[in-house]
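Using the sequences and the accompanying hints, generate a full structural model.
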Amino acid sequence: MPKVKIPRKSTAIDMTAMCDVAFLLLTFFILTTKFRDQEVVQIDIPASTAQIPIPDKDIMMFNISPDGRIFFGLDDQNTRLRLLDTLANRYQFQITAEQQAAFKTLELWGMDIKALPEFLAKDPTERANILQPGLKIDTTGGETQVEDLILFSRKINNNLRIAIKADKTTEYKSFAALIEALQNRKVNRFNIVTSAKTARE
Amino acid sequence: MAEMNVPESGAKKGKKKSRSKKMSTRVDLTAMVDLGFLLITFFMLATTFNKPKTMEVIKPAKDDNEDKKDQPAIKMSKTFTLLLGDNNKVYAYTSPDEVDATTTLSVDSVDYSSKGLRRVIQERQKEVARDWGHQDTIFIMIKPLPKSKVKNTVDVLDEMSINGVKRYAILAADDPIDSLICLTIRQSRK
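Chain order of the listed sequences is A and B. Per our numbering, residue 2 is the first one in the first sequence, and the count goes up by one each step. Per our numbering, residue 776 is the first one in the second sequence, and the count goes up by one each step.
No lab work stands behind these hints, which were simulated from the structure alone. A hint or two may mislead.
What the hints assert, rightly or not - Straight-line alpha carbon distances no greater than 20 Å define the calculated SDA-like cross-link-like pairs of lysine to any residue that follow:
{"#": "1", "chain 1": "B", "residue 1": "Lys834", "chain 2": "A", "residue 2": "Leu152"}
{"#": "2", "chain 1": "A", "residue 1": "Lys58", "chain 2": "B", "residue 2": "Lys828"}
{"#": "3", "chain 1": "A", "residue 1": "Lys187", "chain 2": "B", "residue 2": "Lys922"}
{"#": "4", "chain 1": "B", "residue 1": "Lys828", "chain 2": "A", "residue 2": "Gln52"}
{"#": "5", "chain 1": "B", "residue 1": "Lys922", "chain 2": "B", "residue 2": "Thr877"}
{"#": "6", "chain 1": "A", "residue 1": "Lys58", "chain 2": "A", "residue 2": "Arg70"}
{"#": "7", "chain 1": "A", "residue 1": "Lys198", "chain 2": "B", "residue 2": "Asp861"}
{"#": "8", "chain 1": "A", "residue 1": "Lys169", "chain 2": "B", "residue 2": "Met935"}
{"#": "9", "chain 1": "B", "residue 1": "Lys837", "chain 2": "B", "residue 2": "Leu946"}
{"#": "10", "chain 1": "A", "residue 1": "Lys10", "chain 2": "B", "residue 2": "Pro827"}
{"#": "11", "chain 1": "B", "residue 1": "Lys837", "chain 2": "A", "residue 2": "Lys169"}
{"#": "12", "chain 1": "A", "residue 1": "Lys105", "chain 2": "A", "residue 2": "Ile157"}
{"#": "13", "chain 1": "B", "residue 1": "Lys828", "chain 2": "A", "residue 2": "Phe29"}
{"#": "14", "chain 1": "B", "residue 1": "Lys834", "chain 2": "A", "residue 2": "Arg162"}
{"#": "15", "chain 1": "B", "residue 1": "Lys922", "chain 2": "B", "residue 2": "Trp907"}
{"#": "16", "chain 1": "B", "residue 1": "Lys922", "chain 2": "A", "residue 2": "Ile46"}
{"#": "17", "chain 1": "A", "residue 1": "Lys174", "chain 2": "B", "residue 2": "Thr805"}
{"#": "18", "chain 1": "A", "residue 1": "Lys169", "chain 2": "B", "residue 2": "Pro827"}
{"#": "19", "chain 1": "A", "residue 1": "Lys174", "chain 2": "A", "residue 2": "Asp68"}
{"#": "20", "chain 1": "B", "residue 1": "Lys834", "chain 2": "B", "residue 2": "Asp950"}
{"#": "21", "chain 1": "A", "residue 1": "Lys105", "chain 2": "A", "residue 2": "Asp68"}
{"#": "22", "chain 1": "B", "residue 1": "Lys834", "chain 2": "A", "residue 2": "Ala178"}
{"#": "23", "chain 1": "A", "residue 1": "Lys174", "chain 2": "B", "residue 2": "Asp861"}
{"#": "24", "chain 1": "B", "residue 1": "Lys864", "chain 2": "B", "residue 2": "Lys837"}
To be verified - Stretch-level coverage of chain A by chain B, calculated; a stretch enters the list once three of its residues show a Cβ under 8 Å from a Cβ in chain B:
{"#": "25", "segment": "12 to 26"}
{"#": "26", "segment": "49 to 62"}
{"#": "27", "segment": "173 to 182"}
Values in this document were obtained by computation on a predicted structure and should not be read as measured data. All C-beta atoms, glycine included, are put in the ideal place defined by N, C-alpha and C.
Structure follows, in structure tokens:
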């Protein structure tokens, strides 16, 4: 019987296809990843067992810092621009193209609306270093700046959902003030941003 | 597994090298694939873990008109009030249906752990189930005091979903009993 000779095969595998797949997936993940926005304030959110993920678009975001300052942000840049126009009309200030461009990239801000044009006129590094005083909130009547922001933003985009991101250690007082403002504009439904945890601790 | 582009020696040792060998055009991609998957892993983890969750809160609508006055008040013996104070304390009590001079009230002060708050809620649920037939009849009033932290409110709301409480509301601490308790624990309601 003749000996069957099994040819020795090379152990080398063609990696080209695998490489293609890897980089295709890599591209996908790079494109879909949304990096964390630059934070004006450090906020350590409380944990809860809630499972609803935060929506990707149409968000009106309120941040409350541990010392009770309230910040405001819209996710969509076009909505931001239209809001700035409305605010300029309501509070009677002039807006240059540079200020518009600055506002377009402003993720979060918190100050008296009347101080906004001056803030936008500064250059980006200076803006990042300024300690923002927080939105001017006054729910007893008189000025209605926060109420205006809520109303105008919702007029521009009716699908906006309200998310409140408050630090663990924020006192309920400032949280209550914001909710008061929301309810003054007939918003009774909002979301508190939390991180996930399990029920048994 | 790696393939190396070294000239095969051994078998052709006898032959004389006359001209330069044709180099193979194949490149070893193993390292590149490794790198690719490493980055994929990074981006995958970075994406999924960064997504925060939200907790939906629906506040009772503020009624400016007087319609509310006609609605029957909820029986106090079905309710449970959680007054959130500072220093991570909850003051839990049940208001009596009728208040007169002889009324006494017991207030539990507990913390937010599963042994504290969760236990008193579950005990109260059992009481309501015994008195009213079903534990879902319970109505929990959450009254955060200004000095309490946002984390406290979130924790309490979380306990509502963990214990399956169907009816609850976040309210202002404006009841006469609340002011009495606030006085006792020396906390401001404003």
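Each hint, compared with the structure:
At roughly 18 Å between alpha-carbon atoms, Lys834 (chain B) and Leu152 (chain A) fall within 20 Å of each other, so this suggested pair holds. Of the pairs offered as hints, the one joining Lys58 (chain A) and Lys828 (chain B) holds, with about 14 Å between alpha carbons and a cut-off of 20 Å not exceeded. Taking the CA atoms of Lys187 (chain A) and Lys922 (chain B), the gap is near 26 Å; set against the 20 Å cutoff, the hint is violated. About 6 Å separates the Cα atoms of Lys828 (chain B) and Gln52 (chain A), which keeps this hinted pair within 20 Å; it holds.
Pair hint Lys922 (chain B) plus Thr877 (chain B) does not hold up; C-alpha atoms about 31 Å apart against a cutoff of 20 Å. A hinted pair counts as satisfied when its Cα atoms are at most 20 Å apart, and Lys58 (chain A) with Arg70 (chain A) does not qualify at roughly 24 Å. A C-alpha spacing of about 23 Å is found between Lys198 (chain A) and Asp861 (chain B), which places the hinted pair above 20 Å, so the restraint is violated. Between Lys169 (chain A) and Met935 (chain B) the CA atoms are separated by roughly 19 Å; this keeps the pair inside 20 Å, and the hint holds.
A distance of roughly 11 Å separates the Cα atoms of Lys837 (chain B) and Leu946 (chain B); the hinted pair therefore holds under the 20 Å criterion. The suggested pairing of Lys10 (chain A) with Pro827 (chain B) is violated, with an alpha-carbon distance near 51 Å, which exceeds 20 Å. Note on Lys837 (chain B) and Lys169 (chain A): the hinted pairing is violated, with a Cα-Cα distance of about 27 Å set against a maximum of 20 Å. Taking the CA atoms of Lys105 (chain A) and Ile157 (chain A), the gap is near 15 Å; set against the 20 Å cutoff, the hint holds.
Restraint check for Lys828 (chain B) and Phe29 (chain A): not satisfied, since their Cα atoms lie roughly 23 Å apart, outside the 20 Å limit. Among the hinted pairs, Lys834 (chain B) with Arg162 (chain A) is consistent with the structure: their alpha-carbon atoms are about 15 Å apart, no more than 20 Å. Of the supplied pair hints, the one linking Lys922 (chain B) and Trp907 (chain B) is violated, its CA atoms being roughly 35 Å apart against a limit of 20 Å. The straight-line distance between the Cα atoms of Lys922 (chain B) and Ile46 (chain A) is roughly 18 Å, inside the 20 Å bound, and the hint therefore holds.
Proximity of Lys174 (chain A) to Thr805 (chain B) is assessed by CA-CA distance (about 59 Å); at most 20 Å being required, the pair is judged violated. Of the pairs offered as hints, the one joining Lys169 (chain A) and Pro827 (chain B) holds, with about 14 Å between alpha carbons and a cut-off of 20 Å not exceeded. For the proposed pair Lys174 (chain A) and Asp68 (chain A), the alpha carbon gap of about 11 Å is at most 20 Å, so the pair holds. The hinted pair formed by Lys834 (chain B) and Asp950 (chain B) meets the criterion: a straight-line CA distance of about 18 Å does not exceed 20 Å.
Between Lys105 (chain A) and Asp68 (chain A) the alpha-carbon distance is near 27 Å, which puts this suggested pair outside the 20 Å criterion. Restraint check for Lys834 (chain B) and Ala178 (chain A): the C-alpha separation of about 14 Å stays at or below 20 Å, so the hint holds. At most 20 Å may separate the alpha-carbon atoms for a hinted pair to count; Lys174 (chain A) and Asp861 (chain B) meet this at roughly 12 Å. Pair hint Lys864 (chain B) plus Lys837 (chain B) does not hold up; C-alpha atoms about 28 Å apart against a cutoff of 20 Å.
Residues of the segment 12 to 26 of chain A lying with their CB closer than 8 Å to a CB of chain B number 10, which satisfies the three-residue condition for coverage. With a threshold of 8 Å between beta carbons, the proposed coverage of the segment 49 to 62 of chain A by chain B holds, since 7 of its residues qualify and at least three are required. Counting residues of the segment 173 to 182 of chain A whose beta carbon lies closer than 8 Å to any beta carbon of chain B gives 5, which reaches the threshold of three, so the coverage claim holds.
When the structure is compared with the earlier hints, violations turn up for hints 3, 5, 6, 7, 10, 11, 13, 15, 17, 21 and 24 and for no others.
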